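Enquirer: So the chains spell out like this:
Number of protein chains: 2
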Amino acid sequence: MSREMFSPLATGSTIGILGGGQLGRMLSAAASRLGFKTHIYCPEVGSPAAQLAAYETVAPYEDLDSVRDFAESCDVVTYEFENVPEFTAKAAAVGSILRPGPKALATAQDRIAEKTFLKNTAKVPVAPFEQIDTIFDLKRAVKVIGYPCVLKTRRFGYDGKGQYVLKGEDDIAMAWETLGEQPSILEGFIAFKREVSIIAARGVNGEIASYPLIENVHKNHILHTSTAPADGHSGKAKAFARYILKELNYFGVMGIEFFQMESGDLIVNEIAPRVHNSGHWTQNAGCIDQFELHIRAITGWPLGHIQLKHGVQMTNLIGRDIENWDTHAREPDSFLHLYGKKEPKPGRKMGHVNRIIYVPRGQLNK
Amino acid sequence: MSREMFSPLATGSTIGILGGGQLGRMLSAAASRLGFKTHIYCPEVGSPAAQLAAYETVAPYEDLDSVRDFAESCDVVTYEFENVPEFTAKAAAVGSILRPGPKALATAQDRIAEKTFLKNTAKVPVAPFEQIDTIFDLKRAVKVIGYPCVLKTRRFGYDGKGQYVLKGEDDIAMAWETLGEQPSILEGFIAFKREVSIIAARGVNGEIASYPLIENVHKNHILHTSTAPADGHSGKAKAFARYILKELNYFGVMGIEFFQMESGDLIVNEIAPRVHNSGHWTQNAGCIDQFELHIRAITGWPLGHIQLKHGVQMTNLIGRDIENWDTHAREPDSFLHLYGKKEPKPGRKMGHVNRIIYVPRGQLNK
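Chains as they are written, first to last, in my numbering: chain A, 33 to 398; chain B, 33 to 398.
Keep in mind that the hints are not guaranteed to be accurate.
[Claimed, not checked] In silico lysine to aspartate or glutamate, EDC-like type, Cα no more than 20 Å apart, as pairs:
no. : chain 1 : residue 1 : chain 2 : residue 2
1   : A       : Lys-373   : B       : Asp-107
2   : B       : Lys-374   : A       : Asp-107
3   : B       : Lys-373   : A       : Asp-107
4   : A       : Lys-374   : A       : Asp-358
5   : A       : Lys-135   : A       : Glu-302
6   : A       : Lys-151   : A       : Asp-297
7   : B       : Lys-270   : B       : Glu-239
8   : A       : Lys-251   : A       : Asp-353
9   : B       : Lys-398   : A       : Asp-365
10  : B       : Lys-184   : B       : Glu-213
11  : A       : Lys-398   : B       : Asp-365
12  : B       : Lys-171   : B       : Glu-213
13  : A       : Lys-175   : A       : Asp-202
14  : B       : Lys-175   : B       : Asp-203
15  : A       : Lys-184   : A       : Glu-302
16  : B       : Lys-268   : B       : Glu-227
17  : B       : Lys-341   : A       : Glu-363
18  : B       : Lys-184   : B       : Glu-227
19  : A       : Lys-135   : A       : Glu-118
20  : A       : Lys-151   : A       : Glu-162
21  : A       : Lys-341   : B       : Glu-363
22  : A       : Lys-374   : B       : Asp-107
23  : B       : Lys-251   : B       : Glu-227
24  : A       : Lys-270   : A       : Glu-239
25  : B       : Lys-341   : A       : Asp-365
26  : A       : Lys-135   : A       : Glu-279
27  : A       : Lys-155   : A       : Asp-169
28  : B       : Lys-199   : B       : Glu-213
29  : A       : Lys-341   : B       : Asp-365
30  : B       : Lys-184   : B       : Asp-142
[Claimed, not checked] Simulated DEER-style distance windows between Cβ atoms:
no. : chain 1 : residue 1 : chain 2 : residue 2 : range
31  : B       : Pro-392   : A       : Tyr-275   : 40 to 50 Å
32  : A       : Thr-359   : B       : Ala-91    : 32 to 42 Å
33  : A       : Arg-274   : B       : Arg-362   : 17 to 27 Å
34  : B       : Asp-95    : A       : Tyr-87    : 21 to 31 Å
35  : B       : Arg-187   : A       : Val-90    : 42 to 52 Å
36  : B       : Lys-278   : A       : Val-249   : 37 to 47 Å
The hints are simulated quantities; they were obtained by calculation from the structure and are not laboratory data. Here the structure is a predicted model, which is why all the values come from computation and not from measurement. In this text, a Cβ means the ideal position worked out from N, Cα and C, and glycines have one as well.
For reference, chain A alone in the conformation it holds in the complex:
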């Protein structure tokens, strides 16, 4: 049913965004730079993204008539979170063109589908994994994978939620119960040296662009800092990104998270079919940022040049971190980005700071 569009969308066209969070907000700002209007679909009134959009639909994702009406008013529809329900995505794809497509969404939503795709189709290294539907599956799988290992829900995990590390047989019952006795995945525990990621995009003509490798540090399971470029060469991560984007026939920006081993080898941890928190530093790197890159990719525009002019470190402002806004606003070589959220609840992403870091020119765009 879905129409396809390969010629570039004219400036002035309308881009629909499913989801009203900060990613939608920053996508909307980027779309405006290219003269596009945005239409935000979000169940809550006055969302961060709707504050910065030409049109807003406030309705539940389950209201498929609203989704279809919304999609029909847009020239292309995208999303800012990967947990868009399958029926919502399908309704959007009937009313308009959905980019990235439903296949990318289905793959990223389900850890079994994701790992199976990565291993068998994209042929990139992943941790050993087993599908878990019952406690008996779990008991069998720990023998294959060994300890330590990690039980994760198949769906809706984020920021370390829906995960349980098993160190021995005694943990099995507790892990299964804690995760709610639901369809899960058991993965081998990766003793990584560091966490890195890459932000890559693919345009409608197959053109691919990637920023350099990013080093990520988490605090309480939430991303704390992203530093780009990370030490080391980006070549292998970029190659893995190419395989993944191509095999999904993907249009748009993707965030790909890796574990890097002591040996330097990379293991793909997960993919996010959207702009990604570890790519916010691109806003102040002197090149086209991930938000504009996504807009260009889904509208059929040339991806453009994404060569860094200097390094950047991004630090998330979580919860009450935002109270230090005044200090950050005075820092030299720093850029403050706040999301317009009302309450600084613990764990809530309220904004971020991008700080310029100086890196020898030859090491900038490896």
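With the hints as your guide, set chain B onto chain A.
Expert: Same frame as chain A, now just chain B:
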């Protein structure tokens, strides 16, 4: 009647903007980066700025009830064009805090008030000028000023409109008739070497920040390119900017245009109490841009650091220039900014391109 506010406005507050053009649009995007909402007041539906705002009032500037309601819904009100009618500005200042204040607006709207202020209060060099209310004034004034000289309407001139160059006595009648026999100013014609400008801001605590000197080239009386930093030292222009901002007790960003003589001396041509087309390059200079600087200044925030990381040349896209968007979108080290306007009429500003230029580091922030 107007309340004053000197403590910083909390993120999440609402900034009102009188005017819905591209300057309002880019102010709105900048406000969003600091977590502010914007409310656009504009007589036309779906203006470039309203496409990117949380709230929109569509009403004439003469509808003072609407202006007051609008202002009362905002924590501070600013404007994106200097021809805001005086009664509109006053109504806004009753309903909220207007920044820059009505005095700056009144001064910039009337070339006689402007030149008198610049000469007598700010004590900066201006061209010789005479007030013209009748053709008899004009006949007398040409004898004082000499030829060539320029007759300009006191109000509502822009992009070279409302100006007539007189080369001799024969031009007097035609000049007076062409300008519509209205209150005018006769100015000495400045044989300048080049046109330069400066973008400066003053915060509520008196803090002042200026970007370096900018060289401007016009085509058909419309700004064509702005290049920063301009050759030469910015010191004198910055000093003049300080006098002007201070004497107006100004809060916000101001654009100041100069003629530069062969000797290097600067003559102030005009001031614009708002963000300025010759400051659009700041969006891609690796520092806080003029739009965010204005938002910071009017909300009582610290102005922050505005040190350039490299030079930039801005080129306006006028009318059908926008048809080359695809070429500009592919250029390395270039950033495209489009305004979401419907028709590319001749002379209409449709967007601009910022191109990075490399300048020795020591010459960047003179």
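Enquirer: Are the hints correct? Go through all of them and say.
Expert: Hints, verified against the model:
no., hint, verdict
1, A:Lys-373 <-> B:Asp-107, "holds, 17 Å"
2, B:Lys-374 <-> A:Asp-107, "holds, 16 Å"
3, B:Lys-373 <-> A:Asp-107, "holds, 17 Å"
4, A:Lys-374 <-> A:Asp-358, "holds, 18 Å"
5, A:Lys-135 <-> A:Glu-302, "holds, 16 Å"
6, A:Lys-151 <-> A:Asp-297, "holds, 15 Å"
7, B:Lys-270 <-> B:Glu-239, "holds, 13 Å"
8, A:Lys-251 <-> A:Asp-353, "holds, 13 Å"
9, B:Lys-398 <-> A:Asp-365, "holds, 17 Å"
10, B:Lys-184 <-> B:Glu-213, "holds, 11 Å"
11, A:Lys-398 <-> B:Asp-365, "holds, 17 Å"
12, B:Lys-171 <-> B:Glu-213, "holds, 13 Å"
13, A:Lys-175 <-> A:Asp-202, "holds, 13 Å"
14, B:Lys-175 <-> B:Asp-203, "holds, 13 Å"
15, A:Lys-184 <-> A:Glu-302, "holds, 12 Å"
16, B:Lys-268 <-> B:Glu-227, "holds, 15 Å"
17, B:Lys-341 <-> A:Glu-363, "holds, 15 Å"
18, B:Lys-184 <-> B:Glu-227, "holds, 18 Å"
19, A:Lys-135 <-> A:Glu-118, "holds, 10 Å"
20, A:Lys-151 <-> A:Glu-162, "holds, 12 Å"
21, A:Lys-341 <-> B:Glu-363, "holds, 15 Å"
22, A:Lys-374 <-> B:Asp-107, "holds, 16 Å"
23, B:Lys-251 <-> B:Glu-227, "holds, 12 Å"
24, A:Lys-270 <-> A:Glu-239, "holds, 13 Å"
25, B:Lys-341 <-> A:Asp-365, "holds, 9 Å"
26, A:Lys-135 <-> A:Glu-279, "holds, 11 Å"
27, A:Lys-155 <-> A:Asp-169, "violated, 25 Å"
28, B:Lys-199 <-> B:Glu-213, "holds, 19 Å"
29, A:Lys-341 <-> B:Asp-365, "holds, 9 Å"
30, B:Lys-184 <-> B:Asp-142, "holds, 11 Å"
31, B:Pro-392 <-> A:Tyr-275: 40 to 50 Å, "holds, 43 Å"
32, A:Thr-359 <-> B:Ala-91: 32 to 42 Å, "holds, 40 Å"
33, A:Arg-274 <-> B:Arg-362: 17 to 27 Å, "holds, 21 Å"
34, B:Asp-95 <-> A:Tyr-87: 21 to 31 Å, "holds, 25 Å"
35, B:Arg-187 <-> A:Val-90: 42 to 52 Å, "holds, 44 Å"
36, B:Lys-278 <-> A:Val-249: 37 to 47 Å, "holds, 45 Å"
Hint check: a violation occurs at hint 27 only; the rest are consistent with the structure.
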